[in-house]
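Chemist: For the record, the sequence lines run as chains A and B. Position 15 (the first sequence) corresponds to 15 in my numbering; numbering is contiguous. Position 146 (the second sequence) corresponds to 371 in my numbering; numbering is contiguous.
Just so you know, not all the hints are guaranteed correct.
[To be verified] Simulated DEER-style distance windows between Cβ atoms:
| hint | chain 1 | residue 1 | chain 2 | residue 2 | range |
| --- | --- | --- | --- | --- | --- |
| 1 | A | Asn156 | B | Pro278 | 21 to 29 Å |
| 2 | A | Leu41 | B | Thr329 | 29 to 37 Å |
| 3 | A | Ile46 | B | Leu232 | 43 to 51 Å |
| 4 | A | Asn156 | B | Ile281 | 17 to 25 Å |
| 5 | A | Met37 | B | Gly366 | 22 to 30 Å |
| 6 | A | Gly141 | B | Thr329 | 28 to 36 Å |
[Stated by the list, open to error] The following residues of chain A were derived to be distant from chain B, with all beta-carbon distances above 12 Å:
| hint | residue |
| --- | --- |
| 7 | Ser55 |
| 8 | Phe59 |
| 9 | Glu117 |
| 10 | Glu181 |
No wet-lab data here; the hints were simulated from the structure. As the structure is a prediction and not an experimental result, all values here were calculated from the model. Using N, Cα and C, we set each Cβ at its ideal position, and we do this for glycine too.
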Amino acid sequence: MNNPVPETPPPESQQPATATSCGGLFASVIVIMLFSMGAGLVTNSIRDRGSINLSRNYFQGITIPPTGSSNQENSQVSGQDVEVEPGNNSVVSPHPDDGIQRLTFEEVQDNFIVGEEEFEASGESIYLFVDARVRDQYEDGHIPGSIWLYHYESENLIDEVRSELEMAFFIIVYCNGGDCEDSLHLAADLMSLYNLPPENIYVYEGGLNEWKEKGMPVTVGSERR
Amino acid sequence: MDPLRKLDSTGFPLLVARLVVGFTFLYYGAQKIADPIGFLKSIEAYNLLPTEPSWIINLIAVVLPWVEVLCAAALLSGIKFRSAALLTCAMLLVFTPAIYLLGTSLIGTKPEFQGLCDVIADCGCGSGAVPVCPKLATNCGLLLLSVWALLSRSTRFRGGLIPGVG
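Same shape as in the complex, but just chain A:
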């Protein structure tokens, strides 16, 4: 007589998917998240450069969401009132109502020429160009006379340049132009975070790309001029 052979369950190690409970799965997810948070916060706090200040709003001053915009357009029509298309949030108005004054290339060029003449005559100028880009880009080429004030590290750099900013009557902030918005964010921070007079602060949205395209001079290296 053949007795039926009782089915033996496979060893525990061979049924991993069923053996692991959903609770264990989610508990491990939480563990990974907690470790990630710890590692992120520790590395952020010990990082020499490029750390993020968790409490700082790096994106002040843009009242209209800028995704997909081409800010090149803005520099061409600065000073003109252009209506924002209702419901179209993806394009920045050429003259957005964010309290930030824009300058066209021609205006910036005029200010630059007058400023350089003033500097040559007296060794100082009421025009001050501010480069909001990362240090490597500044050293690759900047508008002559510009100071370097990288937007994302401005808290650490502001003390070195504050006196010059306070002396200037025309502070012209720029970055690369195009989709770059760091000049706008830095201009907003200069007004609200560092309490400089808003009427003295301007943004050159065409940025260094347009400046070079127009054949204007740039200074390479860490020297301002």
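Please arrange chain B on chain A, whose structure you already have, making use of the hints.
Modeler: The following block gives chain B in isolation, referenced to the frame of chain A:
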């Protein structure tokens, strides 16, 4: 036997899923850790997260790359890899529609951006500016592999890929 189940029982799809998803997340996570400010700018460009209160977007920029790297470590080591696969699924389910929305928002903003597949954008993935359509296809593939790693019942290749680990 179901062909998919048969394929799964060989363990090779699980191995491929762990290796591909693991190394991909390791690479892109490391890129983001190396440039947290660049990553912060990228996620802000999506306009999906509020910039006030600022700590939310800043904390995401600080922590998310590490979630990617630790998930990669778990997938490659075999330690809690199913939880890691669950997390990579969740991240890809958020990232992929976000990239699609970013791509569609850029259509027409430049003369060469006639359609979604013409758009080249920095998705904040750690790869710089890339064509959107291949990026979406890559993400869908990674999502498929992550789901496989999560649901696989294979008894092979579940542990450490390096002897003695996992």
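Chemist: Next, verify each hint and record whether it holds.
Modeler: Structure-based check of all given hints:
no.	hint	verdict
1	Asn156/A / Pro278/B: 21 to 29 Å	holds, 22 Å
2	Leu41/A / Thr329/B: 29 to 37 Å	holds, 35 Å
3	Ile46/A / Leu232/B: 43 to 51 Å	holds, 46 Å
4	Asn156/A / Ile281/B: 17 to 25 Å	holds, 23 Å
5	Met37/A / Gly366/B: 22 to 30 Å	holds, 29 Å
6	Gly141/A / Thr329/B: 28 to 36 Å	holds, 35 Å
7	Ser55	violated, 6 Å
8	Phe59	violated, 4 Å
9	Glu117	holds, 37 Å
10	Glu181	violated, 8 Å
Comparing the model with each earlier hint shows violations of hints 7, 8 and 10; every other hint is respected.
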